[in-house]
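2 protein chains.
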Amino acid sequence: MRIAGVIVEYNPFHNGHLYHLQKTKKQTEADLVIAVMSGNFLQRGEPALLSKWTRTRLALQAGADLVVELPYVYATQKADVFAWGAVSILDLLGTTDLCFGSENGSTTPFLRTLEVLEENRDFFNQQLKKRIASGISYPQALNLAFSDLHLTGDDFIDLSQPNNILGFHYVEAVVKRKSAIRVSTIKRQKAGYNQATISDAHIASATAIRRAIFSGEDFNHLQNLVPPYTYEALTQARQNRTLRRWDDFFPLLKYRILTTSADEIAEFYEAEEGLENRLKKHIRQAKNFSNWMERIKTKRYTWTRLQRLCTHILTGAKKAEMRPAAQFAPPTYIRLLGMNEYGQLHLNSIKKRLNVPIISKVGRNEEALMAIDLRAADCYRLIQPASDPSEFDCVPIRFDHASKTFVR
Amino acid sequence: MRIAGVIVEYNPFHNGHLYHLQKTKKQTEADLVIAVMSGNFLQRGEPALLSKWTRTRLALQAGADLVVELPYVYATQKADVFAWGAVSILDLLGTTDLCFGSENGSTTPFLRTLEVLEENRDFFNQQLKKRIASGISYPQALNLAFSDLHLTGDDFIDLSQPNNILGFHYVEAVVKRKSAIRVSTIKRQKAGYNQATISDAHIASATAIRRAIFSGEDFNHLQNLVPPYTYEALTQARQNRTLRRWDDFFPLLKYRILTTSADEIAEFYEAEEGLENRLKKHIRQAKNFSNWMERIKTKRYTWTRLQRLCTHILTGAKKAEMRPAAQFAPPTYIRLLGMNEYGQLHLNSIKKRLNVPIISKVGRNEEALMAIDLRAADCYRLIQPASDPSEFDCVPIRFDHASKTFVR
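Read top to bottom, the protein sequences are chains A and B. Heads up, the first sequence is in this note's numbering, so the first residue is 1 and it goes up one at a time. Heads up, the second sequence is in this note's numbering, so the first residue is 1 and it goes up one at a time.
Chain A extracted, bound-state conformation (with noise of 0.2 angstroms):
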């Protein structure tokens, strides 16, 4: 049996997903689809458009047969740990292939490529160091060492391209934990990762996607981006106003900062080197978050750094509560958001040797357990609480494959 894992955001679902989806079934002929998924709050530091149970919804609609959630410790981390903590989940839950886009669809560049670096892991953690110690951002400084390593060409991947950057950790993830799950790739269709403008009549980024939501653009044109299922949930969701970004969120961040001591935002996870007295200094000022984030950006922290530690702040995620994680410990549970009878199947077939336990439902017990998920599960409901039920309340979703229907 071939379970194929795929690790999503689905910011929103758009028809480059459902490509990669059907693709990755068919390549790694698969019987099953496995996804795991960022909750509430994305790799790149944002609250999430649509909720995390609505994007199960359509992960569901489009063909996934399990739907996990990546726990906040990773999700919202840099692209090493975020990877590491999916290909973990992925393993965990008997993945045999792991099939991410890239933009030349071979994995070999990614294999060669992870080769030459941990030949020469000491000569690049110096040249990064030295480039850090410059004063540039922490990504500048990884390109810049890894160019400093020569490898071009078609042998070796581009590690400037972001999308290279997670394919490249989800490789070395899957070498790291010795696991046994083959990797593949699919070529990408038409749009780059994160490009902004939408570039083709059936296929756009999801930042392009938000973008023209936001904008104010003409809505039934993503008719032509998005599966149906996806057009009717931000149809819906603009009516009931629940479309999430950062400025809803920004009075809570606003709040906190203005009312929290410099002393105890440094303990959020990533305010390092006095960033907490940045903070403080601008916040009053500080009209909306984009606002926010033009006052407090240098030449050493990025956009996605910045909003990372915002989200931190926001959720109260604490340097203590983020360190196993981000030092790379395994997961401790694995939180179930959906799934189809073939999902379930898998999941009972499995659920014994796991040594992890699988959270359905949120008790007393898991509340310790994955405090800080609920955390931002609050956070993230407090804008509109009539939206969502609160994490205690939701259980799992379930769909038909057969009928295509959801099950109550």
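Just so you know, nobody snuck in bad clues.
In silico DSS-like cross-links for lysine-lysine, where the CA-CA straight-line distance does not exceed 25 angstroms:
#1 Lys176/B / Lys129/B
#2 Lys281/B / Lys361/A
#3 Lys318/A / Lys280/B
What follows is a list of derived Cβ distance ranges for each label pair:
#4 Gly274/A / Met293/B: 37 to 43 angstroms
#5 Arg408/A / Arg211/B: 41 to 47 angstroms
#6 Arg408/A / Tyr138/B: 48 to 54 angstroms
#7 Ala368/B / Glu273/A: 18 to 24 angstroms
#8 Lys281/A / Arg398/B: 26 to 32 angstroms
#9 Asn348/A / Ser134/B: 53 to 59 angstroms
#10 Ala320/A / Ser134/B: 38 to 44 angstroms
#11 Ser390/B / Gly105/A: 51 to 57 angstroms
#12 Lys281/A / Ser134/B: 47 to 53 angstroms
#13 Lys281/A / Gln344/B: 29 to 35 angstroms
#14 Ser290/A / Phe214/B: 31 to 37 angstroms
Derived by calculation from the structure, the hints in this document are not laboratory data. C-beta: ideal position from N, C-alpha, C; glycine also.
With chain A's structure known, arrange chain B on it following the hints.
Here is chain B on its own, set in the frame of chain A:
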């Protein structure tokens, strides 16, 4: 020269307050009236209906010559600490006469009650402890311990009346400071303190007025109960949606409780005896502020006590910060809110012999000194940022007594 002092909240300023102010001036033959006023959060643990700056304008228009803020560390406390802070500030500012409203219009029973209480302090404290241990609320225990002294009749005051409690502690604070301030009382007109219904055509309690404002009753009716400048301020605030109550701040409170650990909540002032766990347990279900209060109140904790705790959580007021004031430390600064030309003259004349700074404008130096007042102002302003400038941009309000106009 006689200088009268009044201790006020003006939430909002009404005809009863005007009577008190005018009568105070006349009865004490004062050349000047100083009002020490709670800031944006009040003694009963509530946000003020109108900001402290708007209320300062009303006080000046009504005839106060100098308006200073009662710092948060005193203003949001039990009657004894509130009174201590207010009397201390009036004393520092050279007040010769303190005048407060009472039911019978004489200070003798206040002094007599204090005397007997002092003589029996040990017995009283013993009884108080015993009563508290029985599980009733602090005010109830205070009442019963007091009744154990068997002080009845016209010689004594009834300490079960909220207004008598404040008056009693004013007198106590004057005695404790060995101050030369002469205390007198003014017999209250018509409306009792906290009386909830509007009983008279021209005098009503602030509580009744606030209730009328939020009940959606005919707003015009208020014209009979408040001076025209208050009516105008209320009308304008209603138009601008800046009439504030706890419900406006509840999302922030909910956010903080949801995303702060019980251990950290326990650091906030008045979070005693495991209250932090009670708060954490009930917050997720709370729909609005009064629904929240209904969920957390017990026989032991009064609504006011819990409201104060909520205020401290909202503003991030820690035990360590509040302790000095709670233990009757004297004020370390005086925050100037407004004055007319007489108030200014008086300030000039006493400035040199004052041993605490008078703060007109908040700068770097003042930031640490009055950190908690700044946080309270930031919280208050967060709800409708447009309504007030930040505390750093506010200067005392100047009113010209001769022309009855504000000076820009």
